[in-house]
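S.K.: So the protein lines, in turn, are chains A and B.
According to our numbering, the stretch in the first sequence is residues 1 to 198, in order.
According to our numbering, the stretch in the second sequence is residues 1001 to 1574, in order.
One or more of the hints may lead you astray.
What the hints assert, rightly or not - Here are the computed distance ranges between Cβ atoms for each label pair:
1. 114/A x 1248/B: 36 to 42 Å
2. 1344/B x 155/A: 37 to 43 Å
3. 1103/B x 36/A: 23 to 29 Å
Just so you know, the hints here were simulated from the structure itself, not pulled from any lab data.
Even for Gly, the Cβ is constructed at its ideal location relative to N, Cα and C.
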Amino acid sequence: MSEEKVLNIERKLTGDLFDNLDQLKLGQNFSEAISVKKQITTIPIRKPGRQDFIRVHPDESYRLETAILELKEERENYLVSPDLWSELAGEVVPKMLYTAINRQGVLVLWPVRLADETGRLDAWNLSAHKAAQIAMEKWIRVASNRSLGAYETFTPRGALPEPEWPDISFQEILRIAFGDYQITSIDHSVLRRLRGEL
Amino acid sequence: MKSESKRFQEIWVVDFEFYGNPGDRPTPVCLVAHELLTGRTLRIWQDEFLKLQSPPYSIGPDSLFIAYYSSAEFSCHLVLGWPLPTNILDLFTEFRNLTNGLKLTCGNGLIGALAYFGVDSIGALKKEVMRDLILSGGPWSNDERKAILDYCQSDVNALVLLFEKMVSKLNLKRALLRGQYMAAAAKIEYHGIPIDMKLFNRLQENWERIKIQLIQKLDADYGVFEDGHFRLSLFEKYLIANNIPWPILETGTLKTDDDTFKEMAQVHPKLRQLRDLRSILSQLKLSKLSIGKDGRNRCLLSAFQTRTGRNAPSNSKFIFGTAAWLRSLIKSEPGIGLAYIDWSQQEFGIAAKLSEDLHMQEAYRSGDPYLAFGKQAGPIPPNATKQSHHKERDRFKACVLGVNYGMGEKALADRIQQSVLEARDLLKKHKDTYKRFWRWSNGALDYAMFYGKLWTVFGWTIMVNENPNPRMLRNFLIQANGAEMLRLACILVLNEGVDICAPVHDAILIEAPLDELDDKISIAQDAMKRASEIVLSGFGLNTDVEKIKYPDRFSDRRGEETWNTILDILAKNL
Chain A
1 MSEEKVLNIE RKLTGDLFDN LDQLKLGQNF SEAISVKKQI TTIPIRKPGR QDFIRVHPDE
61 SYRLETAILE LKEERENYLV SPDLWSELAG EVVPKMLYTA INRQGVLVLW PVRLADETGR
121 LDAWNLSAHK AAQIAMEKWI RVASNRSLGA YETFTPRGAL PEPEWPDISF QEILRIAFGD
181 YQITSIDHSV LRRLRGEL
Chain B
1001 MKSESKRFQE IWVVDFEFYG NPGDRPTPVC LVAHELLTGR TLRIWQDEFL KLQSPPYSIG
1061 PDSLFIAYYS SAEFSCHLVL GWPLPTNILD LFTEFRNLTN GLKLTCGNGL IGALAYFGVD
1121 SIGALKKEVM RDLILSGGPW SNDERKAILD YCQSDVNALV LLFEKMVSKL NLKRALLRGQ
1181 YMAAAAKIEY HGIPIDMKLF NRLQENWERI KIQLIQKLDA DYGVFEDGHF RLSLFEKYLI
1241 ANNIPWPILE TGTLKTDDDT FKEMAQVHPK LRQLRDLRSI LSQLKLSKLS IGKDGRNRCL
1301 LSAFQTRTGR NAPSNSKFIF GTAAWLRSLI KSEPGIGLAY IDWSQQEFGI AAKLSEDLHM
1361 QEAYRSGDPY LAFGKQAGPI PPNATKQSHH KERDRFKACV LGVNYGMGEK ALADRIQQSV
1421 LEARDLLKKH KDTYKRFWRW SNGALDYAMF YGKLWTVFGW TIMVNENPNP RMLRNFLIQA
1481 NGAEMLRLAC ILVLNEGVDI CAPVHDAILI EAPLDELDDK ISIAQDAMKR ASEIVLSGFG
1541 LNTDVEKIKY PDRFSDRRGE ETWNTILDIL AKNL
């Protein structure tokens, strides 16, 4: 047999083996060795599901008062650039976008209508804002109650752990949630369609 | 070679040929030993080495002993009264470790290992012929003796070639530790498990009649047996009459495998007895139990044969592989006692420490991790006890055990006989309570899928093949480190002079004279704790002991009812 290969065998006595077994040990911390981070690629824009327990991000920088153009038939929400709001006064709706997370760790942007220029807000949206305020401190579930004409808020009896907010900026959340659904020009195809030009 | 001789002064590659009936200790026929550094070869026939007090080769701390599946060689050493080598390099365990998880076209025998490295070796057919000649037990003519020695030497030559191929891939220190377990396995096999032969023989003689009476007794509630056989048509009628939906095969016929019966018996407890009966009738292969002339169950432990590195003795030959009731045949001789010592919630403890989940460690240290989990998760109040909240505890226990095996919400719902929603909630509670454990478990799976392998603290490695099984990979670190712990414990316990009859998953069965039993138990428990502390970096696992003093017999709770029914039949009618 070749000498070169034999040289790889080193003498090790059994007594030594058991004197210091720790020297033979290999690490088991595979999670740190690979350090996988979840990449968020989809963030729905909708109110929380009626079965979902949710929390709303308490940091003010994770919410936005803006104007949304909603195509109801297509169930599409468009983020409208502020310089177009006055021109589209009849089409866009002022909304607060809350960043919410459910128990499964799914992020959503929760749009809630804001008061109009007269300061009026219906009971549905008023109750939704109140629910969002509560959700900044507690887990809640919101469900519509038609006979009440508003959302009801439920809190669980048991203690639930705090949510684990993903490490992602609000700008990034907006970018992922709206993607191409942003209107920054009066010539946007959606506006042209509304004007009957398409 | 000069450099090598400074390390090991002698490196011996050794192979024995032997024969023996199942359950008996082997009868060595011949040995061939080749010393790598000097090229010296010894060919020794049995009449010569029977005269020797020790091996004709060096086995001291300056020498290395190399073999393939060396516990066979060590069984021969023990039969001959020879001491075992200090440094053992078993190329079987190392080949298993290099290829664990991969598909091997030629298997993991010596021929398969050589084929893996592209080395031609003795043909399988020739091997078969020579094995038959050896197993005939002689007497052999001079020509046959020479042929057997030549055959033995061809295996040694093959081993030298294999060593050359493998040497650069080995971590010798960890390989030597695994080699120590092969010596321990040989000692355990040599010792064997004591069997109540009087009762065993009575059962065997009367088995056909017992079977008929068992069917009469247990089938009375079902009426699905006819002329001693399970009838599918009668079973269909029973299911319809009792309004029990049953899984079917693609062909439309009812599924009748034991897993289906096991699952359905959990949902419909009244089927449990039927499942037990079918299981008894199919599993009872008394004649296949490997029992030697000295009345001891003894078979190859098949060390390192599973992916997790655990032993894989034959279920039909090894008494701990058979149906639980049959284990009541384990009984020591007068004046001798047995003790079954197992780690308390070993898998939970391993998961808690390796993941460094402090909540899980706290639950383990409480002594009742299932109750502690319920308290940590919220539903069980802090002052609750096992007695006051046993139903809730059972659910949390099912969840903890299920998580260990990657059980999904549907299977857990079946197990706890609750809705899927309930099961989902339990699993969620586990994930919320033991966040760090889940991060570690997910990380291990990610690592395996990305880098293609995982390993234990002492380097037992699994390679990820083309069809990875995420559940198995998640479970690997817990099971395989559990196997490391058991192997280390066996080595330490035996080194302390305690006789081990068998290793059983997370337990060992020891044997000692009654007046020494308590001391030996204490020594074994200390060694097991030490093994857990070594594997888990100071996190010691506790052990539970069940003492069995003659004339009592071993008993497995799951098989007690059946055992008593069978003894009843035997006493009353036969």
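S.K.: Now look at each hint and say whether the structure bears it out.
M.R.: Evaluated hints:
| no. | hint | verdict |
| --- | --- | --- |
| 1 | 114/A x 1248/B: 36 to 42 Å | violated (58 Å) |
| 2 | 1344/B x 155/A: 37 to 43 Å | holds (39 Å) |
| 3 | 1103/B x 36/A: 23 to 29 Å | holds (28 Å) |
Hint violations for this structure: number 1 only, all remaining hints satisfied.
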